[in-house]
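**Q** Sequence:
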Amino acid sequence: MNKIKEEIANLIKEGFNREFEIKQKRPNLFQIYIPYYYPDGDMIEIFIKKDEKDNYVIQDLGMTLMRLSYDFNINSKNKRKLFYEILGNYQIVENESNLLTVCKKEDLFPYLMEFVQVITK
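Heads up: the sequence shown begins at 7 in our numbering, then just goes up one per residue.
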């Protein structure tokens with residue numbers, strides 16, 4: 007098993023009661039399959055990579071905004087303001103439609119859970 011993949015698995019396995027899967031999508035990019043779903047029944051898509059400072063980057067690769075665009079016009083001033091307030095409350099940023107947060111190794115599971123909460127709001 008890849009060293010980074012193994013480290014991610016060890017950091018989150020207790021929190022998910024071992025009910026998760028990790029697949030490497032590209033070098034240093036892993037998709038996490040966890041038992042959380044959007045209201046329509048689709049599984050939430052979350053990706054994790056390690057950055058150059060040895061932190062973890064939790065991201066959605068644009069999937070949340072793509073899904074929101076199906077049902078909401080997020081480009082209105084008030085909706086955009088609310089959207090960025092929600093992101094800011096959880097230290098999540100939007101970069102070219104990609105929602106992401108950065109955390110230290112020991113904070114991976116709590117940050118992952120907060121990320122799930124935000125993208126399901």
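Derived from the structure by calculation, the hints contain no laboratory data.
Take these hints with a grain of salt, some might be off.
Said to hold, decoys possible - Derived DSS-like pairs: lysine-lysine, alpha-carbon spacing no greater than 30 Å straight-line:
hint	residue 1	residue 2
1	K59	K31
2	K56	K9
3	K110	K83
4	K31	K55
5	K83	K11
6	K29	K9
7	K19	K31
**Q** Can you confirm whether the C-alpha distance between K110 and K83 stays at or below 30 Å?
**A** violated (34 Å)
**Q** Is the Cα-Cα distance between K19 and K31 30 Å or less?
**A** Holds, at about 20 Å.
**Q** Taking only the CA atoms, is the gap from K31 to K55 under or equal to 30 Å?
**A** It holds: about 10 Å lies between the C-alpha atoms, which stays within 30 Å.
**Q** Given the hinted pair K56 and K9, is their alpha-carbon gap at most 30 Å?
**A** holds (11 Å)
**Q** Could you grab the alpha-carbon distance between K29 and K9 and see if it respects the 30 Å cut-off?
**A** holds (13 Å)
**Q** Is the hinted pair K83 and K11 satisfied, with a Cα-Cα distance of at most 30 Å?
**A** violated (40 Å)
**Q** Within a Cα-Cα threshold of 30 Å, do K59 and K31 meet the stated pairing?
**A** Judged against 30 Å, a Cα distance of about 21 Å means the pair holds.
When held up to the earlier numbered hints, the structure conflicts with 3, 5 and fits the remainder.
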